Amino acid sequence: MLLATTRVEDVDHFIEVFSTKGAAKRKLHGSKGSTVFRDPSEADRLWAIFDWDVEGWKSFVSDPDVPPILQEAGHKGTPQAAMLIGQFEA
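For the sequence shown, my numbering assigns the number 1495 to the initial residue and increments by one for each residue that follows.
Honestly, the hints are just simulated from the structure, not real lab data. Being a predicted model, the structure only gives us computed values, none of them experimental. It cannot be assumed that every hint is accurate.
Computed list of lysine-lysine pairs in DSS-like fashion (alpha-carbon distance at most 27 Å, straight line) [as the list claims (entries may be wrong)]:
#1 Lys-1552 x Lys-1570
#2 Lys-1526 x Lys-1552
#3 Lys-1515 x Lys-1552
#4 Lys-1552 x Lys-1519
#5 Lys-1526 x Lys-1515
#6 Lys-1521 x Lys-1570
#7 Lys-1519 x Lys-1570
#8 Lys-1570 x Lys-1526
#9 Lys-1515 x Lys-1570
#10 Lys-1552 x Lys-1521
Taking the hints into account, I'd like the entire structure generated from these sequences.
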């Protein structure tokens, strides 16, 4: 699992691209799915949980076809993966 955050220009437009072109490209790099949340404090910030390993993420972000997809989706910057600091039961 991987958690990433980004800021976007328009959430609805982002979701349109994320769920189509973005999904197809992520799948090519091994992503098995994602869940997206809107930040409660910042309307333009989104958080996504990906069923994806780190190697697949690295492959995705280094793919030269990805920046135009991110631009089309309206990212305000580069998505950032959160650092995992632990896993706990319950």
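- Item | In rising order, the numbers of the hints this structure does not comply with | none
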